[in-house]
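Chains as they are written, first to last, in the working numbering: chain A, 1 to 200; chain B, 1001 to 1603.
If you're looking for bench data, these hints aren't it; they were derived computationally from the structure.
Please note: incorrect hints may appear among the correct ones.
When the alpha-carbon atoms are kept at most 25 Å apart in a straight line, the in silico SDA-like pairs for lysine to any residue are as follows [to be verified]:
(1) B:K1433 x B:L1373
(2) B:K1135 x A:A136
(3) B:K1135 x A:S111
(4) B:K1135 x A:M184
(5) A:K189 x B:L1219
(6) B:K1135 x A:D185
(7) B:K1135 x A:G110
(8) A:K189 x B:K1416
(9) B:K1280 x B:I1335
(10) A:K189 x B:E1133
(11) B:K1135 x A:Q129
(12) B:K1416 x B:R1396
(13) A:K189 x B:I1137
(14) B:K1135 x A:V89
(15) A:K105 x B:I1335
(16) B:K1135 x A:E93
(17) A:K105 x B:I1137
(18) A:K189 x B:K1135
(19) B:K1135 x A:E132
(20) B:K1157 x B:A1019
(21) B:K1416 x B:S1388
Pairwise CB distance ranges, derived in the manner of DEER restraints [stated by the list, open to error]:
(22) B:P1131 x A:P75: 46 to 54 Å
(23) B:G1050 x A:D96: 45 to 53 Å
(24) B:P1131 x A:K83: 49 to 57 Å
(25) B:G1104 x A:D96: 32 to 40 Å
(26) A:F69 x B:P1131: 21 to 29 Å
All figures in this text were calculated on a predicted structure; none of them were measured in a lab.
Yeah, the Cβ is synthetic: ideal placement off N, Cα and C, and Gly gets one too.
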Amino acid sequence: MMAESFFRSIFVQGTTVPRLSHPGFILWLAGLLLLLSQVTAPAQESAHQLKAEMIYNFLLFVDWPEQTFPEETSPISICLLGKDPLGEVLPRELGDRRVNDQPLKFQEVGSGEQASKCHLLIISRSQAQQLEEILALLKNKPVLTVSDIKDFCIRGGMIELAGEENKVEFDLNTALIEEAGLNMDSGLKRLARVVDCKEM
Amino acid sequence: MRRFRHQPIRRKLLLIILATAAASLILFLIGISLYESATYRSGLARQLSGDATFIAANSAPPLAFRDKETAREILTTLEALSEIVVAALYTPEGEIFASFVRPGQPVVAPPPAPGAEGLRFTDGYLIIVQPVEQKGIRLGVLYLQADLAAHMREELKRYGSIILVVGLTAIGGAFLLLRLLQQMVSEPLLRLAKTAERIAAGDHRARVPVDSDDEIGQLARSFNHMTLQLANSLERLEESRARLAGIIGGSTDLIAALDRDFRFIAFNSAYQEAFAKIFKIRIKEGMSLIEVLAHRPEEQSWLVKTWGRALNGEEFIIDREFGSDDLERRHVEMIYSSIRNQDGQLIGASHIARDITRRKQVENERKRLIEDLARSNRELEQFAYVASHDLQEPLRMVASYLQLLERKYRSQLDDKAIRYMDFAVEGALRMQKLIEGLLAYSRISRRGAEFKRIDVNHIFAQTVANLTAAINDTGAVVTRDDLPVVTGDETQLLQLFQNLIGNAVKYRRPAVPPAVHVSVQRQEREWVFGIHDNGIGIASPYYERIFLIFQRLHTRGEYPGTGIGLALCKRIVESHHGRIWVESTPGSGTTFFFTIPAERNQQ
């Protein structure tokens, strides 16, 4: 009993700043990069793969409202807005993965309206100019927006992927995620570089 | 236990109280431990399962995002759970992702592989292996290892304070109880012990104050009673000892007692002085007879042998003559007897020596006198016999020739000559009778025939027959009781009865016909015969004299006789181990009594 409440208090308060510069993490990353560079592609390619993994992880720790899935086995739709290497990398890396019994469905969307049916929307850097408009269309809709556009989080995005080619970190706009009706695992907050962008 | 027995009572009490307290504490602990261990495993398993689920849930994001730092932080929160000694997260590939190891305990690292999923108890550890999954995706494995013993230690620590408090209370209570018990138990006992010491030191007036009715009070009362008894017996003992010492000390006999090792237990001053006189050594109590006489080996060996007999339980009397050249010879009678205690066990021997030198001298003197007397008596009797026997013959000659002379020449003699002749014949005859009497008298002592059983009735009849002439002449009446059978000499008894009845008839009062009665009476072991008459009687001054030989109370003119009769009677009765005496009233009658021992089986 004691232990449980103790954990709760730690996790709820969770003010610790994640330290991804930890030597262990660096080693792990280095190992992964080494492996990737040896087997398939250049460094750029491995960074994309890393991003793909992260996106998959977000699927694991975020719950969408039930009505967004007609059935329990309905696919989770992952959309890409704008031109991005991920459009190629994601289906290749995550194509046969599942979340619970739900398959993943990848599609590229041309506009914000189209994206409103998506569960997760990756916004390419190419969309940086019209980002506010896109986000405005998706306001209060259960669409998890992810992008590596700089200040994405501050400008109204939900998850901003930050970092270089071999090291990916993320910022969260918790309030926005909750307003959108999405249920995010609180554990993610421990891992995020920034929990609430507005406060920055 | 042995050490415990020698502790003073107050320490024993303290130990008992503390032991009781400790035992209850230990029992309490054992009970708690049993209860705890029974309920703890399942409780801990349930709790840790919950914790594992929670940790697994929290570990999912770091595992997914490969954030070892955060994973470790999460595991480190387990530090608050003291049971957990190792916690680890493994990647789905089976590599250790993050771990927490509690410092200061034997397990230093998580196992290389988590093992089967689930919950298991191994070597005092509870191990939970739980998969970390998120939405059906396996992200890794959580491994938790909890030390069951750690919990017990924790519980002990928790109970430690209780035990400390209870223990301190017990010790405090023990000391309080101890003070109380000391007042109630050990102080009275100490008083008792001190009193006992005083009594042992000789103070028989010491008493223990009795102030309670419990066992100690009872003990004190019994103790006082015992002390009183002891004092009384000691007093009595001392009294009797003093009395005995007085008796022994005042005795001129030489009294001494030895214990079984030949050491003097007691002796009186007479013994001490005699010992000093003979052996030149002044003895003291406790001295050994053997050592004391080391310089007199001969006496030593004799005395040791003699005392040794007594010390072996023999009781005996020894007559011994002591004496050295410079001392007069002393005759000593020594009585040795053994001394036994109440159980009949031999504890020593006593010796009473009496100087009987004088007694011995007197005895010897008497023996010599008696012998002399007997010899002279024998010689006298012999003389009397020989004399009377040898006298008879010439006397008979004188008498015969006198009678012949008288018969043949009577006619030629004048009256005067005839009278002279009669005197001479009469004198000769009297002398003859005297000699006969003397012979009879002397014969009595020379024991004649063997004693036979004789019916005295028969003797009586014989006597009356022999005295017929005298009885008829005097008109006497002679009667008798039924007389018994006795052991004796028939001739002598006949003589006795004939003399006594003859006397009774002879010494009659003029004109009074004699009435003689022979009575008999049993008195203890003898027959008392009585010959009663109604004759002239005898005055009491003559009661003794009449039994002497040749003593007569009357002239021959009044009553003829030789003066031998009663002496002969006395002699006969004495030779039959009896007595003879006379009772009489002058002028009215006389009774001669004599006794003859009764046969043993006679009534």
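So, going through the hints one by one against the coordinates:
1. B:K1433 x B:L1373: violated, 28 Å
2. B:K1135 x A:A136: violated, 30 Å
3. B:K1135 x A:S111: Violated, at about 30 Å.
4. B:K1135 x A:M184: The given pair, whose Cα atoms are some 13 Å apart, holds under the 25 Å limit.
5. A:K189 x B:L1219: Distance ~87 Å between K189 (chain A) and L1219 (chain B) Cα, so the pair is violated.
6. B:K1135 x A:D185: holds, 12 Å
7. B:K1135 x A:G110: violated, 30 Å
8. A:K189 x B:K1416: Roughly 208 Å separates the two Cα atoms, so the pair is violated.
9. B:K1280 x B:I1335: holds, 23 Å
10. A:K189 x B:E1133: holds, 18 Å
11. B:K1135 x A:Q129: Violated, at about 36 Å.
12. B:K1416 x B:R1396: Roughly 24 Å separates the two Cα atoms, so the pair holds.
13. A:K189 x B:I1137: holds, 20 Å
14. B:K1135 x A:V89: holds, 23 Å
15. A:K105 x B:I1335: violated, 144 Å
16. B:K1135 x A:E93: Given pair K1135 (chain B), E93 (chain A) holds - Cα atoms ~18 Å apart, limit 25 Å.
17. A:K105 x B:I1137: holds, 17 Å
18. A:K189 x B:K1135: holds, 18 Å
19. B:K1135 x A:E132: Answer violated: K1135 (chain B) to E132 (chain A) is near 32 Å, above 25 Å.
20. B:K1157 x B:A1019: Status holds; Cα separation ~22 Å.
21. B:K1416 x B:S1388: violated, 32 Å
22. B:P1131 x A:P75: 46 to 54 Å: This hint is violated: roughly 25 Å between Cβ atoms.
23. B:G1050 x A:D96: 45 to 53 Å: violated, 35 Å
24. B:P1131 x A:K83: 49 to 57 Å: Check failed, 40 Å falls outside 49 to 57 Å.
25. B:G1104 x A:D96: 32 to 40 Å: For D96 (chain A) against G1104 (chain B), whose Cβ atoms are near 48 Å apart, the range 32 to 40 Å is violated.
26. A:F69 x B:P1131: 21 to 29 Å: holds, 25 Å
Of the numbered hints given earlier, the model fails hints 1, 2, 3, 5, 7, 8, 11, 15, 19, 21, 22, 23, 24, 25; all others are met.
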